[in-house]
Each structure stands twice: as C-alpha cells, then as structure tokens.
Amino acid sequence: MDPRRAQPTGTAPQASQVRPVWSLSAHAARLITLALTGLIIAVITRRPEFVGVAAPAVLLLTARRPERPERIGVSASPSAMRLSEDEQADLQVTVTGYGDHSVDLIVHPRFAVVPGAAGGLGDGASSLPFHIGRSGRRSLGVLEIMLRDRWRLIEGRVTVELPTVDCYPRPAAQQTRVVLSRLPSRLGDHPSRSSGEGMEFTGVREFVPGDRQRRINWPATTRRGRLQLNTFAAERTQNVVIIADASSDVGEPGSTPLDLAFRGSAAAAHAYLAVRDRVGLVVYQRSVRWIAPGLGARHYYRLMDLMLADPRVTGRLSLAGGITRLPRAALPSGSLILVFSPLLDRRLVETVRDLRERGFSILIIDVLNAEPSGRTDGLSSLARRIWRMEQEAIRFSLRELGIPLVRWDGVQSLDEPLAPYTRRVMVSRR
Amino acid sequence: MTAARSASAAGLLAAACVAWSAIPLTAGGAGTALLAAAIACAVLSAARLALGASPAEPVAFLNPVVRAGRTLADLARVLPWAEGTVVAVLVLEALHRSRPWHTGLLGAALLAYLFATHLAETRARPSVLRPQAPLIAAGVGLLALAVGAATLPAGTGSTGALIAVLAALAAIVVAGLALPL
Chain A
0 MDPRRAQPTG
10 TAPQASQVRP
20 VWSLSAHAAR
30 LITLALTGLI
40 IAVITRRPEF
50 VGVAAPAVLL
60 LTARRPERPE
70 RIGVSASPSA
80 MRLSEDEQAD
90 LQVTVTGYGD
100 HSVDLIVHPR
110 FAVVPGAAGG
120 LGDGASSLPF
130 HIGRSGRRSL
140 GVLEIMLRDR
150 WRLIEGRVTV
160 ELPTVDCYPR
170 PAAQQTRVVL
180 SRLPSRLGDH
190 PSRSSGEGME
200 FTGVREFVPG
210 DRQRRINWPA
220 TTRRGRLQLN
230 TFAAERTQNV
240 VIIADASSDV
250 GEPGSTPLDL
260 AFRGSAAAAH
270 AYLAVRDRVG
280 LVVYQRSVRW
290 IAPGLGARHY
300 YRLMDLMLAD
310 PRVTGRLSLA
320 GGITRLPRAA
330 LPSGSLILVF
340 SPLLDRRLVE
350 TVRDLRERGF
360 SILIIDVLNA
370 EPSGRTDGLS
380 SLARRIWRME
390 QEAIRFSLRE
400 LGIPLVRWDG
410 VQSLDEPLAP
420 YTRRVMVSRR
Chain B
0 MTAARSASAA
10 GLLAAACVAW
20 SAIPLTAGGA
30 GTALLAAAIA
40 CAVLSAARLA
50 LGASPAEPVA
60 FLNPVVRAGR
70 TLADLARVLP
80 WAEGTVVAVL
90 VLEALHRSRP
100 WHTGLLGAAL
110 LAYLFATHLA
120 ETRARPSVLR
130 PQAPLIAAGV
140 GLLALAVGAA
150 TLPAGTGSTG
160 ALIAVLAALA
170 AIVVAGLALP
180 L
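Going down the list, the sequences are from chains A and B. Sequential numbering of the first sequence, starting at 0, is according to numbering that gives the first Met the number 0. Sequential numbering of the second sequence, starting at 0, is according to numbering that gives the first Met the number 0.
Hints are supplied without guarantee of correctness; some may be wrong.
Label pairs and their computed distance ranges (CB to CB) [to be verified]:
(1) W21(A) to A32(B): 35 to 41 Å
(2) G27(B) to S372(A): 54 to 60 Å
(3) W386(A) to L61(B): 22 to 28 Å
(4) R301(A) to A49(B): 45 to 51 Å
(5) V405(A) to P125(B): 58 to 64 Å
(6) R384(A) to V77(B): 47 to 53 Å
(7) V65(B) to A124(A): 37 to 43 Å
(8) I31(A) to G27(B): 36 to 42 Å
If you are wondering where the hints come from, they were derived from the structure by calculation, not from laboratory data. Idealized CB from N, CA, C, for every residue including glycine.
Based on the sequences and whatever the hints tell you, model everything.
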C-alpha cells in the first residue's frame with residue numbers, strides 16, 4: 000500500500016450534522032419585484048395587461064414549498080491526505096437528509112489549491128477533483144453547500160471547513176548520484192577504493208591461505224604458474240546530508256528558489272535512499288531543523304514532513320551559527336553535504352565556508368532564478384548590476400575555497416548540472 | 000459553457016426588453032431618463048453575470064488601479080441590477096399609450112430574462128426548471144387571458160362582460176390547478 004494514500008484514522012469519515020441557514024433566493028426577490036411592479040402599475044394606470052405581466056410571478060411565488068430539513072449530514076474528505084505538487088486528487092463529498100431539495104456544491108479554495116470541474120451530486124455523493132500547485136501544509140478551503148427547493152425560491156446555505164492536506168514537493172528528475180572517494184566502513188551499494196566482498200572487479204593478486212577458492216582466477220593461474228585470485232571492491236554506503244535553504248521565497252510563486260530547493264532536495268533524497276545511502280536533512284528557514292541520516296522509504300516521508308513543518312513550532316536552533324552547532328549524529332563526519340540554496344542569506348554562506356574548513360565535502364546547487372524587479376531607470380539598473388556583481392563575488396569566493404557550485408534552473412533534470420561530479424567519484428579533501 | 004450560454008441569453012433578453020419597451024421612442028425628460036436607467040441597469044446586470052464570483056485572493060497587495068477596479072466590480076456584484084431593469088422597463092412601457100399585446104409580449108420576455116439570469120447565476124442547466132414548467136405555462140396562460148381582456152373594447156355590452164367573467168373563471172381554475180403542484 001502506498002503510504003501516501005493512507006488515511007490518518009484508517010476509517011471512513013464521519014458525517015457531521017449541520018444546520019442550514021435558509022433565506023429567500025435572489026430569483027425570488029426578482030419575481031417579487033416583477034409582480035409588485037406589474038400590480039402597482041396596473042392599479043395606477045388601470046391597465047389589466049400589467050396584471051397579466053405580474054400573474055406568472057405571483058403564481059410561482061405562491062406555489063407550495065417542500066419541508067425544509069432542520070439539519071443535513073455532510074462529510075467531506077480528500078482521497079489522499081498526502082499529495083505531491085500537481086498530483087490530481089478528489090474530494091469525496093457526501094450529503095444526506097436534504098429531502099426534495101437540489102444540492103449545489105461550491106468549493107472556495109485556499110492558496111495554491113486548484114479545484115477542477117465540479118460534478119453533480121448523484122445519490123447524495125459527489126467527487127470534486129483538485130490539485131495543489133505548491134508544496135506545503137495546505138488547507139483545501141471552504142465547501143459551500145447550497146440547497147434549493149424545486150421552485151428555486153428558497154435557499155439553504157451550509158459552509159464546511161475542508162481538511163488540511165500535506166503537499167510534498169514534486170521531486171525533480173535525478174538518476175545519477177555524486178559519490179565520495181572516501182566512504183565510511185558500512186555495507187552499501189557504492190564500490191569503494193578498498194577491496195572487499197563486492198561485485199565490482201578490481202584486479203588479481205596471489206592466493207594466500209584462507210582465501211576463498213571460488214575466487215581463483217584460473218586463466219591467470221595458468222599463465223603465471225601460481226594460484227591467482229580475483230579481487231573485488233568493497234561496497235560501502237555513504238552519508239548524505241541535504242541542506243535545503245528555505246530562507247528566501249522570492250519570485251513567481253510555484254517556482255521560487257524555495258520551491259526549487261525543496262524539489263531538488265526531494266529528488267536527491269529519493270535518489271540516494273534508492274541505493275540505500277543514509278540521508279539526513281537540514282532545513283534552514285527561520286530556524287534550523289534537522290533529521291539525522293537514515294535509511295528506507297519511511298525515512299523519505301520523515302524528510303518530506305520536516306520540509307512541511309511549521310518553523311515557528313518545530314524550530315530547534317536559531318539561524319546564527321545553527322548548522323555548525325548541529326550534533327554529530329545529524330552531521331556525521333565524512334558526509335557528503337548537498338546544499339540547495341540561492342545563496343542570498345549571508346549567514347548560510349558563512350556556515351558553508353565554516354563546514355568546508357572543517358573538512359566536509361560540500362556541493363552547492365545554486366537555485367537562484369530571480370533578481371530584484373522594479374523600475375528600469377538608470378539608478379535601478381545600476382543597483383541591479385551591483386547586486387549581480389555581489390552575487391558573482393559570493394560564488395567566486397566559494398569556488399576559491401574548493402566548494403563546487405552548479406546552477407540548476409528547476410526545469411531540467413538534476414543530472415545535467417551534476418554530470419561533472421557524477422561521472423567519477425568526488426574526491427573528499429581534508 | 001451552460002452558464003455562459005445562459006448569461007448571453009440573459010443579456011440579449013435584457014436588450015430586447017429595453018428596446019421593446021422604448022419603442023416608439025417618446026420625447027420627454029422622464030422617458031429619456033428612464034430609458035437611460037434601463038440601459039444602464041441592463042448593461043450592469045449583464046456585467047454582473049460576466050464577472051461571476053468575487054476572487055478569493057486579498058486585495059491588500061494589489062496596486063491602486065487594480066484595487067479600484069476590484070471595488071467597482073464588487074459594487075456591480077452587490078447591487079440588484081436585474082430588479083432595476085425590470086422596474087425601469089415596466090415603467091417605460093407604462094408611459095406609452097395602451098397596447099395590450101405589446102405589454103403581454105414584454106411580460107413574457109421579462110419572465111424569460113429572469114429565468115435566464117437565475118440559470119446564469121447558479122450555473123444550472125435549463126432542465127432544473129422542468130418542475131416549474133406547469134406553473135410557468137399556467138402563468139403565461141393567465142398573461143394571455145389578461146391581455147385578451149384588456150383588448151376587449153370597454154363598451155361591448157353583455158358579450159364583453161361574459162367574456163370577462165369567463166376569463167376570470169379560467170384564471171381561478173388555472174390557479175387552482177397550478178397551486179397544489
């Protein structure tokens with residue numbers, strides 16, 4: 000079962016009983032206007048044809064109305080409580096106890112929620128499609144239920160607050176991985192420099208007592224006249240710590256550096272966890288939040304939940320020097336650190352420098368895709384040029400420290416900018 | 000698509016009602032003012048249907064021009080322009096000399112306009128009016144009877160009185176049949 004599809008309670012949603020607010024419809028108000036105007040003019044001008052003009056409206060207004068239900072049962076639950084960006088889902092709505100009235104459902108969506116075309120209410124149940132355009136913990140909005148009698152003169156209105164859904168960032172495409180030259184001595188999938196029990200052939204050496212006979216290389220033995228043995232690379236895992244810089248949310252909503260940082264982080268987490276690497280996450284926002292490196296599919300969802308967590312509630316360390324004060328478990332020595340950042344926050348830049356000086360292998364993925372907007376006069380253009388030069392200076396100083404930096408626009412696959420570092424092992428420098 | 004079709008129908012019917020009630024054009028301050036009011040109400044009523052519901056996003060971060068446009072649109076949404084159209088058109092019709100069949104057609108067109116406006120507002124299909132069809136038919140029958148009664152000359156003697164009584168009886172019967180529905 001896909002864990003994202005799991006309902007939090009595991010049971011069908013309970014229908015809540017709500018009391019509709021009844022009122023005269025706008026249609027009824029218009030019919031009353033037509034009837035009254037026609038009758039008044041008929042009396043004043045003594046012209047019976049105006050009574051005829053009022054007659055259909057009067058007939059409709061005096062028609063017998065069905066019983067109004069005191070309460071109706073309403074349940075509204077999304078088909079999945081956890082979604083990815085732009086993933087289609089349905090809001091299952093059930094209305095009961097509405098009698099002979101017709102039911103119209105109107106969704107008033109909140110930020111980033113995009114409702115699809117609403118279907119009719121067949122047998123008291125309806126499925127309203129929607130998707131969420133931006134990651135985060137999103138309230139779906141408000142569901143307005145409108146009851147109308149058969150003459151459409153009386154309206155009963157009910158509003159229901161819809162649940163909150165976790166929308167995970169849509170992972171970018173990434174097939175390849177950056178692998179360090181020095182790996183910790185823990186079994187994994189990456190061939191290391193040291194020989195061991197892996198699958199990748201590294202060479203031939205002379206047999207010594209105690210070696211496994213099944214690894215004897217008979218052609219080499221025949222040529223040299225002494226027993227020769229195949230050697231293989233040991234397969235090791237690596238620790239990967241992803242730093243997602245969520246401190247800057249500038250530009251077009253949906254493709255801001257924050258969105259790109261989260262999508263890139265999700266892609267990296269997915270790619271490394273797929274080869275059984277241990278992946279940790281540090282979210283750099285109003286405060287520093289982290290999860291120590293771990294393994295497995297469940298860990299992926301823990302990482303995603305950390306991205307969505309409210310920084311005001313779950314913040315652990317202040318930004319000033321927060322990452323450098325992380326415990327060793329959260330930032331193990333010898334880890335590969337991937338930083339998804341627009342490098343707009345000077346404190347993060349200083350932190351990255353500090354981590355490099357402490358011997359960590361760092362790779363920065365630059366997700367800056369916006370620049371200050373404003374007027375196009377000379378002074379503004381000059382200010383923008385100075386800003387660009389400052390940004391270039393920051394990136395130059397990081398490269399000078401030996402920190403590789405690649406630019407990612409959020410559209411192309413992450414494999415393309417990372418290609419120079421994924422084709423061969425990345426040398427860990429101390 | 001259904002709502003757009005209903006909104007177009009409502010706009011066309013409003014224009015037709017205004018034109019029908021204004022012809023023949025009579026010179027005079029009140030008539031011209033009423034005609035202007037009717038045109039304004041019809042145009043704003045159509046604009047209200049075209050604007051649809053108010054967008055949910057806050058206006059706090061919009062520039063002043065867009066914010067002013069949003070305020071005007073909200074004003075168009077709040078005021079009852081369709082009711083204004085009905086009143087202005089009927090008063091405009093009453094300003095003309097007696098012509099019952101003309102008024103009868105205007106009444107039918109106004110009723111259609113109100114239904115089209117309702118369908119456009121609620122984005123409902125015309126089939127939702129099916130339960131009302133007998134009542135609407137009865138109402139149109141009453142309208143036709145009233146127009147017929149008005150067409151009769153005042154001094155036709157006993158035949159005219161008989162027809163008027165029959166019309167009244169028919170009206171009562173039709174109303175009696177329609178009410179229990």
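> What hint numbers does the structure not satisfy?
Replying inline: Going through the list in order, the structure violates hint 8 alone and respects the others.
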